[in-house]
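Below, each chain spelled out in residue letters.
Number of protein chains: 2
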Amino acid sequence: MAIKEGLRPGGRSARVQESIHAAVRALLEEQDRASVTVPQIAVRAGVTPSTIYRRWGDLSVLLADVALARMRPDGEPANTGSLRGDVRAWAEQYLDEMSSEPGRNMMRDVQSSATPGYCVTIIGGQLQTILDRYPEQPKPSVDRLINMVVAPTVFRILFSVQALEVEELHRLIDIALSQ
Amino acid sequence: MAIKEGLRPGGRSARVQESIHAAVRALLEEQDRASVTVPQIAVRAGVTPSTIYRRWGDLSVLLADVALARMRPDGEPANTGSLRGDVRAWAEQYLDEMSSEPGRNMMRDVQSSATPGYCVTIIGGQLQTILDRYPEQPKPSVDRLINMVVAPTVFRILFSVQALEVEELHRLIDIALSQ
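In order, the protein sequences belong to chains A and B. When you line the first sequence up against UniProt numbering, it's residues 1 to 179, in that order. When you line the second sequence up against UniProt numbering, it's residues 1 to 179, in that order.
A hint or two may mislead.
Below, a list of computed lysine to any residue pairs in the SDA-like style, where the Cα atoms sit at most 25 Å apart [to be verified]:
| id | chain 1 | residue 1 | chain 2 | residue 2 |
| --- | --- | --- | --- | --- |
| 1 | A | 139 | B | 162 |
| 2 | B | 139 | B | 162 |
| 3 | A | 139 | B | 177 |
According to the in silico footprint, chain B covers these stretches of chain A (three or more CB under 8 Å from chain B) [to be verified]:
| id | region |
| --- | --- |
| 4 | 145–152 |
| 5 | 155–161 |
Have a look at the derived ranges for each label pair, beta carbon to beta carbon [stated by the list, open to error]:
| id | chain 1 | residue 1 | chain 2 | residue 2 | range |
| --- | --- | --- | --- | --- | --- |
| 6 | B | 15 | A | 34 | 36 to 44 Å |
| 7 | A | 82 | B | 162 | 28 to 36 Å |
| 8 | A | 128 | B | 31 | 42 to 50 Å |
| 9 | A | 14 | B | 132 | 53 to 61 Å |
| 10 | B | 57 | A | 136 | 35 to 43 Å |
The set of hints was computed from the structure by calculation and includes no laboratory data. C-beta: ideal position from N, C-alpha, C; glycine also.
Full structure from sequences and hints, please.
This is the structure in structure tokens:
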């Protein structure tokens, strides 16, 4: 969910984002997440609230973005040299991140946000980056990968006693890649 | 999520369940869902709160159970005469139900309940009923069906701009059944 696409590192836009993220992190250390507000964040970051609404839509998405940015400092999916390896590495990291407490909070934030679909857009972008590395290979669509790999990962975390087993995750990836 | 397993229709247990469900339905018509409490329901249904806690664990699960019982008066999955047909019929109905407003409320209730895994247990029971009708046929495990059919249905409702397309649902079922 890191909203890094299209931001030049060190550019004005990236600096604004970083100051807003830093403001959120600071406020979350001082007070309960339920009591943090957009105007508070704006004051702390030295921006107007509309800057925040324009970029994130609402507070839940911003909180989700900060949570993911914390977990994934490097946005580019790992390049292992094979499509199967890249998808496995990405999916294992995703499973780890989403199973964590910040990951669960993020999923709750995003669901109650005005733009829950944003999540799929970001995940889709990361998976597309992987697929684009292997132009010669037959491969599933990003939507199919999301349905067969991301969906069970998230579903099991939200609704199951235990998270998806890594063996089943690998098997689902193999099935998705063999279609 | 209808908790019907093991209840003799017309038995004492079924009558208690029905009176509790009826109490919830009545209270939901009179007041906001956020203000309904277990003691209120117990008084209305003429049972003790512990009867409710014992059977449902917490209020969220009871609300979820009532929501699903409302949507699915007949708990037995449709029997179309083929495994593929039964899974399709079940999955299409599930997609319809979960996309509705009561379905979304139910998913929220269950997530915030103390026993979110209960949901998978019930769904698994329904899918197992279908699989058991075709003992001779090679078929996926219930867990695989949940991962490939239920998970994307729920994930797309919670996190996508639009629900899963029926064509993709059918394709996922075909892939799951062909493994």
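Check of the region 145–152 of chain A against chain B for coverage (Cβ-Cβ below 8 Å, three residues minimum):
That given contact holds, which follows from 6 residues of the region 145–152 of chain A lying within Cβ reach (below 8 Å) of chain B.
Honestly, do residue 82 of chain A and residue 162 of chain B meet the 28 to 36 Å range at C-beta?
Holds, at about 32 Å.
Beta-carbon spacing of residue 57 of chain B to residue 136 of chain A - inside the hinted bounds 35 to 43 Å or not
Given about 52 Å between the Cβ atoms, the range is violated.
Would the hint linking residue 139 of chain A and residue 177 of chain B be met if the CA-CA limit is 25 Å?
holds (20 Å)
Evaluate the given range 42 to 50 Å for the C-beta pair formed by residue 128 of chain A and residue 31 of chain B.
holds (47 Å)
Take a quick look at whether residue 139 of chain B and residue 162 of chain B sit within 25 Å of each other, Cα to Cα.
violated (30 Å)
With a C-beta cutoff of 8 Å, work out whether three or more residues of the region 155–161 of chain A approach chain B closely enough for the coverage to hold.
Our answer is that it holds, as 6 residues pass the Cβ test (under 8 Å) against chain B, meeting three.
For the range 36 to 44 Å, tell me whether the beta carbons of residue 15 of chain B and residue 34 of chain A fit it or not.
The hinted range 36 to 44 Å holds for residue 15 of chain B and residue 34 of chain A, with Cβ atoms some 41 Å apart.
Taking only the CA atoms, is the gap from residue 139 of chain A to residue 162 of chain B under or equal to 25 Å?
holds (24 Å)
For residue 14 of chain A and residue 132 of chain B, compare the CB-CB distance with the range 53 to 61 Å and indicate the outcome.
holds (57 Å)
Consistency with the previously given hints fails for numbers 2 and 10, ordered from lowest to highest.
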